[in-house]
Every structure is written in C-alpha cells, then in structure tokens.
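Chains as they are written, first to last, in this note's numbering: chain A, 1 to 340; chain B, 341 to 680.
Some hints could be false.
Said to hold, decoys possible - Ranges between beta-carbon positions, derived for each pair:
1. B:P660 - A:R178: 57 to 63 Å
2. B:Q616 - A:A113: 57 to 63 Å
3. A:G76 - B:I457: 29 to 35 Å
4. B:K452 - A:H278: 29 to 35 Å
5. A:G53 - B:G360: 20 to 26 Å
6. A:L23 - B:I457: 43 to 49 Å
7. B:A390 - A:K146: 38 to 44 Å
8. A:S80 - B:E546: 47 to 53 Å
9. B:E513 - A:I118: 20 to 26 Å
10. A:A35 - B:K452: 44 to 50 Å
11. B:S364 - A:S80: 48 to 54 Å
12. B:T368 - A:S57: 35 to 41 Å
Claimed, not checked - Calculated pairs, DMTMM-like style, for lysine to aspartate or glutamate (alpha carbon to alpha carbon, straight line, at most 25 Å):
13. B:K489 - A:D142
14. B:K401 - B:E643
15. A:K149 - B:E666
16. A:K61 - A:E173
17. A:K61 - A:E73
18. B:K489 - A:E208
19. B:K486 - A:E73
20. A:K146 - B:E543
21. A:K210 - B:E477
22. A:K149 - B:E643
23. B:K663 - B:E413
24. A:K210 - A:D282
25. A:K146 - B:E517
26. B:K401 - B:E666
27. B:K486 - A:E141
28. B:K550 - A:E73
29. A:K112 - A:E266
30. A:K149 - B:E413
31. B:K550 - B:D585
32. A:K146 - B:E477
33. A:K149 - A:D107
34. A:K146 - A:D107
35. B:K401 - B:E477
36. A:K146 - B:E666
37. A:K146 - B:E413
38. A:K323 - A:E208
39. B:K489 - A:E137
40. B:K486 - A:D39
Don't read these hints as lab results, they were simulated from the structure. Model, not experiment: these values are computed from the prediction. Note that beta-carbon positions come from the ideal geometry of N, C-alpha and C, so glycine has one too.
Chain residues, written in single-letter form:
Protein chains: 2
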Amino acid sequence: MSADVIPLPLKEPPKQASLGPILSLTATAMNAVNAVILDRMQSEIPLIPALAGHLISGGGKRMRPMLTLAGAELVGYQGSRHHKLAAAVEFIHTATLLHDDVVDGSDLRRGKAAANIIFGNPATVLVGDFLFSRAFELMVEDGSLKVLKILSNASAVIAEGEVDQLTAQRQIETSEERYLGIIGSKTAALFAAASRISAVVAECGEAEEKALDDYGRNLGIAFQLVDDALDYDADASEMGKDRGDDFREGKMTLPVILAYARGNDEERTFWRAAIQGHRSSDEDLAHAVELIRSHDAVEATRERARHFAQRAIDALAIFPASKAREAMVEAAQFAVSRGY
Amino acid sequence: MSADVIPLPLKEPPKQASLGPILSLTATAMNAVNAVILDRMQSEIPLIPALAGHLISGGGKRMRPMLTLAGAELVGYQGSRHHKLAAAVEFIHTATLLHDDVVDGSDLRRGKAAANIIFGNPATVLVGDFLFSRAFELMVEDGSLKVLKILSNASAVIAEGEVDQLTAQRQIETSEERYLGIIGSKTAALFAAASRISAVVAECGEAEEKALDDYGRNLGIAFQLVDDALDYDADASEMGKDRGDDFREGKMTLPVILAYARGNDEERTFWRAAIQGHRSSDEDLAHAVELIRSHDAVEATRERARHFAQRAIDALAIFPASKAREAMVEAAQFAVSRGY
Numbered sequence: 001m002s003a004d005v006i007p008l009p010l011k012e013p014p015k016q017a018s019l020g021p022i023l024s025l026t027a028t029a030m031n032a033v034n035a036v037i038l039d040r041m042q043s044e045i046p047l048i049p050a051l052a053g054h055l056i057s058g059g060g061k062r063m064r065p066m067l068t069l070a071g072a073e074l075v076g077y078q079g080s081r082h083h084k085l086a087a088a089v090e091f092i093h094t095a096t097l098l099h100d101d102v103v104d105g106s107d108l109r110r111g112k113a114a115a116n117i118i119f120g121n122p123a124t125v126l127v128g129d130f131l132f133s134r135a136f137e138l139m140v141e142d143g144s145l146k147v148l149k150i151l152s153n154a155s156a157v158i159a160e161g162e163v164d165q166l167t168a169q170r171q172i173e174t175s176e177e178r179y180l181g182i183i184g185s186k187t188a189a190l191f192a193a194a195s196r197i198s199a200v201v202a203e204c205g206e207a208e209e210k211a212l213d214d215y216g217r218n219l220g221i222a223f224q225l226v227d228d229a230l231d232y233d234a235d236a237s238e239m240g241k242d243r244g245d246d247f248r249e250g251k252m253t254l255p256v257i258l259a260y261a262r263g264n265d266e267e268r269t270f271w272r273a274a275i276q277g278h279r280s281s282d283e284d285l286a287h288a289v290e291l292i293r294s295h296d297a298v299e300a301t302r303e304r305a306r307h308f309a310q311r312a313i314d315a316l317a318i319f320p321a322s323k324a325r326e327a328m329v330e331a332a333q334f335a336v337s338r339g340y
Numbered sequence: 341m342s343a344d345v346i347p348l349p350l351k352e353p354p355k356q357a358s359l360g361p362i363l364s365l366t367a368t369a370m371n372a373v374n375a376v377i378l379d380r381m382q383s384e385i386p387l388i389p390a391l392a393g394h395l396i397s398g399g400g401k402r403m404r405p406m407l408t409l410a411g412a413e414l415v416g417y418q419g420s421r422h423h424k425l426a427a428a429v430e431f432i433h434t435a436t437l438l439h440d441d442v443v444d445g446s447d448l449r450r451g452k453a454a455a456n457i458i459f460g461n462p463a464t465v466l467v468g469d470f471l472f473s474r475a476f477e478l479m480v481e482d483g484s485l486k487v488l489k490i491l492s493n494a495s496a497v498i499a500e501g502e503v504d505q506l507t508a509q510r511q512i513e514t515s516e517e518r519y520l521g522i523i524g525s526k527t528a529a530l531f532a533a534a535s536r537i538s539a540v541v542a543e544c545g546e547a548e549e550k551a552l553d554d555y556g557r558n559l560g561i562a563f564q565l566v567d568d569a570l571d572y573d574a575d576a577s578e579m580g581k582d583r584g585d586d587f588r589e590g591k592m593t594l595p596v597i598l599a600y601a602r603g604n605d606e607e608r609t610f611w612r613a614a615i616q617g618h619r620s621s622d623e624d625l626a627h628a629v630e631l632i633r634s635h636d637a638v639e640a641t642r643e644r645a646r647h648f649a650q651r652a653i654d655a656l657a658i659f660p661a662s663k664a665r666e667a668m669v670e671a672a673q674f675a676v677s678r679g680y
C-alpha cells in the first residue's frame, strides 16, 4: 500500500555554521531596537509591560528584527528608520506568540512557563492585541505606506496560516503541499516581510526588495521545517518547547506526513489514532519517534529544509560579496544545522 | 459608614428617540460599507468567513461605521473613501468582540451563541487577528497616514482599556473615576476615532475633527454606561447578552460601584463576597438587583449617561443645522433612552 521511497542520499550535515557573524553584524543596531522595544512596550496599565516583558526579555533569538537589520547592512543603508521598524516586526511576532500560546494551550515557551500559564488566557490575548497595535503605531510614525502595506499584508497572511493550521490539526490526510502552504503563511511571511522592508527604507528598487523577500521567505520555511523536525528528533539537543507537543496536539508536520506516507497499513492505523488524539502516552510518542526514525523522516525533513536554505542563499547572489552577505549566508546554514 | 447621597432629581426620561433618522441618513452608504465588509472578510481558508460571518451578519447595529458615515454627511463630504474606512472600523470592532468573547468566556453575543462556543477559543482568537490585520490593509489602501495614526492609536488604547478592566475585575474598591477611564478606553476611543476620521477624509480642519472626536467619545461613554445599567435593570426590555453576566464575572460597572458606595456595612459585605465570586446564584443576582434599585444606582448611572450624551450633542454646535446634525443629536438621545 505504501508508496515506493526514493532512497535519500545520506548527505553530510552542513559545516557547523553559527549565528555569530550575523549577531556581530547587527549587535549595535539591535541595541537600538531593544531600546525601542523596551520603551514602546510600556503602558500605564502595569500588567501590560509585566506580561509583555515576560516573553520579550525571555531570550528569544530576535531572528526577525535581525533580518531587517542585516538586510539594511547588506544594502548599505545609512539611516536609522529600520530600528523602529525592526521593533514593530518583533512586536508583531510577539503578539502572534502570545496568541499561539493561548491557541495551543502551551505550558512552555522558550524554556520557561508560557505567558498564559502565569497570567491567564484573557490577559495574554489582550496584551497580544496591544503589542500588535503598538507595531502599527511604530510603522505609522515611520510613515512609509509601502512598509505598512507589506507588514499589514504579512499580518493577515500569518493569521490565515494559523487558522489553516488549526483546520489541518488532527487531519492525518494533510499533504506536504498543504503543510508547506501553512508554514509559508504562518512563519515565512513575516521572515519575508522583515527582510524586505530593509530594502524599502533604503530605497533600493524592486529587484533588491524581491531578493530580500525571497531570502527571508525561504529562510523562514527552512527554520520552521527544522523546528518541526527537532520535535521528533530523539538525538537533538535541547529545545525551548516541550518535546512531543506537536504529537500530542495532533499537529500535522512534515515528519509525520512523511512517516505516514511511507508507512505500512499497521503503521498508518497507529498514526490515524495518534493524530486523532487516541494514542498520546509517552510510549506512543516513543513509538512515533521510532517510526519516524525508521523511515528517515527527520532526515528527509532536514533535506527539504536544506533545499529552502539553499534557495535563500542563492537569492542573495544579486548583491556584491560583503561581510553582511557572508553573515546572512551563514545564518541560513545555521538554520539547517541546528540540533546536530 | 456610607457617604451621604445627594438626592437625584427624578428626571423625565428623554423623549422617545430613535436611531431611525441616522439609519436613513446613512442607509445608502452603509450598503457600500457592507459590500466592502463582505468582500474583505473572505479568505481561501473557509473557517475565516464562516466564523467572521457568524458575528458580522449577526445583527449588530453597526454603530461605529455609522458614525463615520454620519460624520461624512454632516461635513458634506462628497467622495467614497469613507466606505473602506468605515469597514475597517467595523473590522477592528469585530476583532475586539471576538477576543472579548474569549476573554469573558461568553455564552451569548447579540442574542445568539458566541463565536467561541461554536468555533472554539483558538479559531476565535485567530480570526480576530485576521480581521484586525484586514482593517489595517483597508486603511493602507486608503493611504491616509493621519487616519492610520488615529485608528492604530485607538486600537492600542482599546487593548489597554480591556487589560485595565481585567485588572479591575473582582476588585470591589474600583472607583467611578477608574471605571470611567476604562470605558473611555475600551469603548469610547473607537467611537471617537470612527467619528473623527470622517472629518479627516473631508479635510475639514482641526476644529471639526476635534468636535467629531468629542461627539463620538461622549456618545461612546453614554452608550457603555447605559449598557452597564441595563445589565442590572429589572424592568429593561430585551438585551443581546445574558442578563447578570457582569455580576457573575465580577465586573466592576457603575451600578455596582454606586450601590457599594451608598450601601451600609451589611450590604458592602454582600458586595465584597459577590464581586469576589462567592455569591453568584440567581438569588444573589436578584438580591444585587434589589440593592441597586434601592439606591437608585441604575437611574444614577443613566443620569451620568445623559450628562455625556448632552456633551456629545453640544459638541455638534459648531456645525450648521442640518438633517445630518439632527439625526446625530437624536442618536445620542436614543443612546440614553434605551430600555425604558
């Protein structure tokens, strides 16, 4: 019954890449962004900075604002408009994380108790709304309708992706195509927008905008694929979220899609029951991880991620070689080497 | 222990006002707004229009977009930009209603099952986010940074008001001043913004903008005061939400604040227990309604509402007499005559 599987070339993991270069490249500007973030998450209502600060100071990688800052370096932008806009991007992201925690009923986020566990769902929803509004206030202050268009559209697409993911939840028949559509919306749209707006503030032109959009979008897909792989990778090093969350929530991610597609009848029966929520014990999770391993579904997911990371890297070819470009290339390599 | 109460003049209720004139005034334009709303709540993700449509076609009064349309009539605006912007206002409002239903755990909204009951909290949160993003997309299409500033600021203030209300929940010592601050943010800010933007698109000038802002803001406060009075008014005619919701949720609204302030020690003991959630049976609600009645707290709340409605009406004095102005005056009178 199961489809024939083309044996995967057992590629070497890419060289041990790091975020070091992109972190150095953007460190000074990121201090300015952090100052904006701290300043603009304030409110006369004390619960707002308390709740927002719990997540914002909770050690996220600031990947999305970092893309805005790195892009600005890449195109040689000399101004400071991108600081506010990068803060707006991080606020949008933080708002979606807060709402995700409510949607998923998460216990952990970035290795500590999720905001909804400490502050409750109501406050978490509302502070998300506040940060989302603040993001738009920051963009309005900047005054670029083009940036506003890019980020308001990205926000709508993120919400669509999240709803689509909800609809696909516990649906074992979800296809790889649909999954790619979902992560393209819920994750990659903001990566693309964050990256693109650096070219907008620098007034580079359409080709540069498009190239940075492509870079961010493909990088975002690669990041999400690896995140989803790590949730089933028995060997992977530590993660911020609870291992096995996706499994217990019946989320259809690529490792499951591939293991199901490649599985025999008995295995498919297990997956159907598990994704519907009837097999969610620790033993069931261990069995799921074993099935995924036996079909090389984590490695296949990583292979897909490498494909998108390579597209991200190649999108940068229109820019002349520079320290910024090197750092952005290595960030894409890092995205797919995590957990080895 | 209780403060002396200045006896209230038992005013006649205002003449039986109606929304008829403002509905007629804005009927044609509202059709255009509804077309925008229907068009822009669509998505390739079927759950989005299904959930949004449940609330949007659920018979709301469209008060906020109506203010934008009426204001445009008042100032003689001839264009059609206000159609999209009024739709954006309604989307922002709808997003906050969806999130409110999750925050309050509502069962009913506008007399039928709340979206969260039918579609669940996760989808309700996310579709709220979608509509909120769509609102900004509509504003960006219009292209006025001034309108974007007004509505992004209003959105942040609404969220602050909602969080503040959450913080005040079950806090019997909440003062009238704080309560007025909360409803000024959570309700009146969007009334004010919706009204103000009509003067912005018509390029009227600061005085007209300010007058329409004042009209909307005071009207919004009056509306909310009457809503809160009706939740404890034994004689009032039908309402969309469950009678007694505020009581059971421990929400500090003006009827409770006044009854507590005017109550004796024994009554205050009851209120403390009730607002903390220890007295929430039907008998307790009946007792609360009786205490509120005995201290004329519903009528006093209505009297406050009449004060703000009058300020709304007087704010229109800078505009020449017109059919539009008459209709807006009567809308303010209607706001405070509901439920008699």
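Hint-by-hint comparison with the structure:
no., hint, result
1, B:P660 - A:R178: 57 to 63 Å, "59 Å, holds"
2, B:Q616 - A:A113: 57 to 63 Å, "26 Å, violated"
3, A:G76 - B:I457: 29 to 35 Å, "54 Å, violated"
4, B:K452 - A:H278: 29 to 35 Å, "33 Å, holds"
5, A:G53 - B:G360: 20 to 26 Å, "50 Å, violated"
6, A:L23 - B:I457: 43 to 49 Å, "47 Å, holds"
7, B:A390 - A:K146: 38 to 44 Å, "33 Å, violated"
8, A:S80 - B:E546: 47 to 53 Å, "30 Å, violated"
9, B:E513 - A:I118: 20 to 26 Å, "24 Å, holds"
10, A:A35 - B:K452: 44 to 50 Å, "47 Å, holds"
11, B:S364 - A:S80: 48 to 54 Å, "52 Å, holds"
12, B:T368 - A:S57: 35 to 41 Å, "52 Å, violated"
13, B:K489 - A:D142, "11 Å, holds"
14, B:K401 - B:E643, "23 Å, holds"
15, A:K149 - B:E666, "38 Å, violated"
16, A:K61 - A:E173, "33 Å, violated"
17, A:K61 - A:E73, "19 Å, holds"
18, B:K489 - A:E208, "29 Å, violated"
19, B:K486 - A:E73, "31 Å, violated"
20, A:K146 - B:E543, "23 Å, holds"
21, A:K210 - B:E477, "20 Å, holds"
22, A:K149 - B:E643, "45 Å, violated"
23, B:K663 - B:E413, "9 Å, holds"
24, A:K210 - A:D282, "45 Å, violated"
25, A:K146 - B:E517, "41 Å, violated"
26, B:K401 - B:E666, "19 Å, holds"
27, B:K486 - A:E141, "10 Å, holds"
28, B:K550 - A:E73, "43 Å, violated"
29, A:K112 - A:E266, "38 Å, violated"
30, A:K149 - B:E413, "29 Å, violated"
31, B:K550 - B:D585, "35 Å, violated"
32, A:K146 - B:E477, "11 Å, holds"
33, A:K149 - A:D107, "34 Å, violated"
34, A:K146 - A:D107, "38 Å, violated"
35, B:K401 - B:E477, "24 Å, holds"
36, A:K146 - B:E666, "41 Å, violated"
37, A:K146 - B:E413, "31 Å, violated"
38, A:K323 - A:E208, "17 Å, holds"
39, B:K489 - A:E137, "7 Å, holds"
40, B:K486 - A:D39, "23 Å, holds"
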